[in-house]
Amino acid sequence: MFLDRNHMFHAIAMYISMTTAIFLIFAYAPTDKMQGIVQKIFYFHVSSAITMFFAFFVVFVASIMYLWKSSDWWDAVALSAAEIGVVFCTLVLITGPIWGRPIWGTWWSWDPTLTLTLVLWLIYVAYLMLRIDAHDPKRARFAAILGVVGFVDVPLIRWSVEKWRTLHPKPVLIQEGGTTGIESSAMLLTFVVCLGAFLLLFFYLLWERTSIAQSRHSLEVLRQEIDDLLTR
Amino acid sequence: MSGSKLFIRQVLALLVKDLKTEWRTREIFTSMFVFAVLVIVVFNFAIGADPELIRQVVSGVVWVALLFATVLGLQRAGQMESEEDSLEGVLLALHDRSALFVAKMIAQMLYLVLVVVCSLPLCGIWFRIDFTACIGALGVVFVLGMLGLSIVGTLFSMIVLHTRAREVMLPMLFLPVSVPLTIAAVYATDQLIVGKSLRDITDYLTLIGIFDIVFLTLALMVFDYIVED
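Protein sequences, first through last, are from chains F and A. Residue numbers for the first sequence follow our numbering, so the first one is 247 and each next one is one higher. Residue numbers for the second sequence follow our numbering, so the first one is 103 and each next one is one higher.
The reader is advised that the hints may include incorrect statements.
[Unchecked claim] Here are some, though not all, of the chain F residues that point toward chain A, as calculated from beta-carbon distances under 8 Å:
no.	residue
1	284
2	396
3	407
Honestly, the hints are just simulated from the structure, not real lab data. Where a beta carbon is used, it is the ideal one built from N, C-alpha and C, also for glycine.
Make the full structure from the sequences, and use the hints.
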């Protein structure tokens, strides 16, 4: 199952931290006074969101490195980070409304952060589609360009949705600032552990996915060589 | 001949070539204009006849029409370019390949300007909205906004030339990345229609201006990677 010892240690560390995070969330952190049990989703929601931004940042850096060095490894990293980023982005978009429904009184509000996440989801899904759809030799280069363009767009989207948002009604029940509600140090500790677990999960998945992409690439190369030998 | 002089000459040559082809066929402009008018008419049916409601959504309708017209125009332009490998020939002749990007972008910009000049009066008549009161300020918003659309659109149209499902990929890439521009342009236009002046919408204009500058710089930086073999 594990290719080597490092993978195993990484997997075990991730397993332990994730279990600890879940334990802390449900057994250790106090229940929020105003929001009740619903607030517990905050730990996963915000951790997913931060991991998502981090993943897209990795796509950005790996894309620049690919354009600069044109090494296949950087391309594999960018692809892996984008896939994982989209997964976490989807998680944010699912947990957000679950949290918003009882707190804001509505499944969806065009809150700047939520809107930004939705637009990011659209951009990076397009990124993955471009990777599938583009012709082979230039595929990685196009993806890298979109990886850079997409991330550069983030502050602009953020700025524009914030301007736009001021024209729309605010969420009903509780003001936006109040919903993050870290009230005690126990909550903060739980959050930090949870975020750590998510980032560890991200690195674990990134590592595994990148090595799969690498193996697939070497397989392609070998297959090509065999083809060449046979046709000779 | 100095580098920049050569660059400008090549841009002009490419631009003249594109415009000449367009003048003879009128394919791109016609499809963009008819499509923009269609979008406006269809929205007209979808919205209904309430004048107050129409006033609230008219700027959105115009920009949606422009966004879709951009996608359509770029698709036509890309199709013509990829026929008989004419793109390869053009690239061989160029000293600096970004000249191709600049020329394509300016051509797209000119088509968009024409589309707006022709469809805005129609829009004003159909929706009974007086655009003449703020025409100068509107011009600023439209020129800046359409410049952004042309930059991002042209960049992605060169990328989708090498994909299988071109017609799907172009809007998929172009529309989400242009979200900031769309928001700023729609609300800036809206403010002008209700009688605000350019000074009231500096925020939006700054946003559009920064969008244009950032993406123009980025596009010129990465364009070589797109066309290089």
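So, going through the hints one by one against the coordinates:
no., hint, in the structure
1, 284, "30 Å, violated"
2, 396, "7 Å, holds"
3, 407, "7 Å, holds"
The structure is inconsistent with hint 1 alone, although it conforms to all the rest.
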